[in-house]
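In terms of the numbering used here, the sequence shown is residues 822 to 1023.
No lab work stands behind these hints, which were simulated from the structure alone.
For every residue, glycine included, the Cβ atom is placed at its ideal position computed from N, Cα and C.
Please note that a few of the clues may not be correct.
[Claimed, not checked] So the derived label-pair ranges between C-beta atoms look like this:
hint: 1; residue 1: Leu960; residue 2: Thr898; range: 50 to 60 Å
hint: 2; residue 1: Gln833; residue 2: Ser1007; range: 24 to 34 Å
hint: 3; residue 1: Glu950; residue 2: Ser826; range: 38 to 48 Å
hint: 4; residue 1: Pro862; residue 2: Ser826; range: 28 to 38 Å
hint: 5; residue 1: Asp1005; residue 2: Gln841; range: 16 to 26 Å
hint: 6; residue 1: Lys1006; residue 2: Ala943; range: 36 to 46 Å
[As the list claims (entries may be wrong)] Calculated lysine-lysine pairs in the DSSO-like style (CA-CA distance at most 27 Å, straight line):
hint: 7; residue 1: Lys829; residue 2: Lys880
hint: 8; residue 1: Lys967; residue 2: Lys880
hint: 9; residue 1: Lys987; residue 2: Lys871
hint: 10; residue 1: Lys880; residue 2: Lys1006
hint: 11; residue 1: Lys965; residue 2: Lys829
hint: 12; residue 1: Lys985; residue 2: Lys891
hint: 13; residue 1: Lys871; residue 2: Lys985
hint: 14; residue 1: Lys911; residue 2: Lys928
hint: 15; residue 1: Lys1021; residue 2: Lys985
hint: 16; residue 1: Lys944; residue 2: Lys965
hint: 17; residue 1: Lys928; residue 2: Lys1006
hint: 18; residue 1: Lys880; residue 2: Lys911
hint: 19; residue 1: Lys985; residue 2: Lys880
hint: 20; residue 1: Lys985; residue 2: Lys1023
hint: 21; residue 1: Lys911; residue 2: Lys1006
hint: 22; residue 1: Lys1021; residue 2: Lys965
hint: 23; residue 1: Lys970; residue 2: Lys829
hint: 24; residue 1: Lys965; residue 2: Lys985
hint: 25; residue 1: Lys944; residue 2: Lys987
hint: 26; residue 1: Lys965; residue 2: Lys911
hint: 27; residue 1: Lys880; residue 2: Lys891
hint: 28; residue 1: Lys967; residue 2: Lys829
hint: 29; residue 1: Lys987; residue 2: Lys970
hint: 30; residue 1: Lys1017; residue 2: Lys911
hint: 31; residue 1: Lys891; residue 2: Lys965
hint: 32; residue 1: Lys944; residue 2: Lys911
hint: 33; residue 1: Lys944; residue 2: Lys829
hint: 34; residue 1: Lys928; residue 2: Lys871
hint: 35; residue 1: Lys985; residue 2: Lys829
hint: 36; residue 1: Lys985; residue 2: Lys970
hint: 37; residue 1: Lys987; residue 2: Lys965
hint: 38; residue 1: Lys1021; residue 2: Lys911
hint: 39; residue 1: Lys891; residue 2: Lys871
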Amino acid sequence: MYIPSFNKFPNQQEAISFMQRYSFAAIVTAEDDVPVASHLPFLVELREDKIVLLSHFAKANPQAGQIVGKSILVIFTEPHAYISPTNYEKETNVPTWNYLAVHAYGKATLIPEGEETATLLAKMISNYEPGYLQQWNSLPDEYKQKMMKGIVAFEIVVDDLQGKQKLSQNRSAIERDNIINSLDKSPDTNESEIAKYMSKLK
822 MYIPSFNKFP
832 NQQEAISFMQ
842 RYSFAAIVTA
852 EDDVPVASHL
862 PFLVELREDK
872 IVLLSHFAKA
882 NPQAGQIVGK
892 SILVIFTEPH
902 AYISPTNYEK
912 ETNVPTWNYL
922 AVHAYGKATL
932 IPEGEETATL
942 LAKMISNYEP
952 GYLQQWNSLP
962 DEYKQKMMKG
972 IVAFEIVVDD
982 LQGKQKLSQN
992 RSAIERDNII
1002 NSLDKSPDTN
1012 ESEIAKYMSK
1022 LK
């Protein structure tokens, strides 16, 4: 990903927090030089200074059989906003787009079926809907086993993390304030979120 120095995330923890907040991501692999992508929820963990991404495919998804031994890219992105040149001090300007994105590269390992997959599912439920965990635990074992046989669980150890926050850092303070004020008034959640991220940089 092209990242000018002033658009980099300030540190790794900021990137991890972003991935955990916007954890529904695209996992990209290549088969015979053809890119393939799926959209999955991820758990993002830090283990002994290593970032680990955990998720699962539907077993019927062909990409599930294409991840071991391959270079993998997982793209985390969410808030973004069109930036109008009306926010700038000079007329000789063009529109642009503000956004945040993290690209995580690594290799995948399959998580064995059975107890380890069950543990992953319990972690994911606890992360996304803690209140459902009691219901899941009370379901018949036969049903849960059937559900688990239909998925392929995996984890990716990240070996390259690239984070970009394009938030008008190259504009003047007046222009940044104009953009923040404009986006903050928007009913669009993406735009108001970008305003919040921009305000944090001040």
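Here is what the structure says about each hint:
1. Leu960 x Thr898: 50 to 60 Å: violated, 34 Å
2. Gln833 x Ser1007: 24 to 34 Å: The hinted range 24 to 34 Å holds for Gln833 and Ser1007, with Cβ atoms some 31 Å apart.
3. Glu950 x Ser826: 38 to 48 Å: holds, 40 Å
4. Pro862 x Ser826: 28 to 38 Å: holds, 32 Å
5. Asp1005 x Gln841: 16 to 26 Å: This hint holds: roughly 24 Å between Cβ atoms.
6. Lys1006 x Ala943: 36 to 46 Å: Hint holds: Cβ distance 42 Å, inside 36 to 46 Å.
7. Lys829 x Lys880: violated, 36 Å
8. Lys967 x Lys880: The hint holds at about 12 Å.
9. Lys987 x Lys871: holds, 26 Å
10. Lys880 x Lys1006: violated, 44 Å
11. Lys965 x Lys829: It is violated: about 43 Å lies between the C-alpha atoms, which goes past 27 Å.
12. Lys985 x Lys891: holds, 24 Å
13. Lys871 x Lys985: Between Lys871 and Lys985 the Cα gap is close to 20 Å, so the pair holds against 27 Å.
14. Lys911 x Lys928: Given that 27 Å is the threshold and the Cα spacing comes to 47 Å, the pair is violated.
15. Lys1021 x Lys985: Holds. Lys1021 to Lys985 sits at ~15 Å (cutoff 27 Å).
16. Lys944 x Lys965: holds, 15 Å
17. Lys928 x Lys1006: Roughly 42 Å separates the two Cα atoms, so the pair is violated.
18. Lys880 x Lys911: violated, 55 Å
19. Lys985 x Lys880: violated, 33 Å
20. Lys985 x Lys1023: holds, 17 Å
21. Lys911 x Lys1006: This hinted pair holds, its Cα atoms lying about 23 Å apart.
22. Lys1021 x Lys965: Status violated; Cα separation ~44 Å.
23. Lys970 x Lys829: Given that 27 Å is the threshold and the Cα spacing comes to 41 Å, the pair is violated.
24. Lys965 x Lys985: violated, 40 Å
25. Lys944 x Lys987: violated, 32 Å
26. Lys965 x Lys911: violated, 62 Å
27. Lys880 x Lys891: holds, 18 Å
28. Lys967 x Lys829: violated, 44 Å
29. Lys987 x Lys970: violated, 42 Å
30. Lys1017 x Lys911: Judged against 27 Å, a Cα distance of about 25 Å means the pair holds.
31. Lys891 x Lys965: This hinted pair is violated, its Cα atoms lying about 30 Å apart.
32. Lys944 x Lys911: violated, 51 Å
33. Lys944 x Lys829: Distance of about 30 Å is beyond 27 Å: violated.
34. Lys928 x Lys871: holds, 13 Å
35. Lys985 x Lys829: holds, 5 Å
36. Lys985 x Lys970: violated, 38 Å
37. Lys987 x Lys965: Outside the cut-off at roughly 43 Å; violated.
38. Lys1021 x Lys911: holds, 25 Å
39. Lys891 x Lys871: holds, 19 Å
Of the numbered hints listed earlier, those contradicted by the structure are 1, 7, 10, 11, 14, 17, 18, 19, 22, 23, 24, 25, 26, 28, 29, 31, 32, 33, 36, 37.
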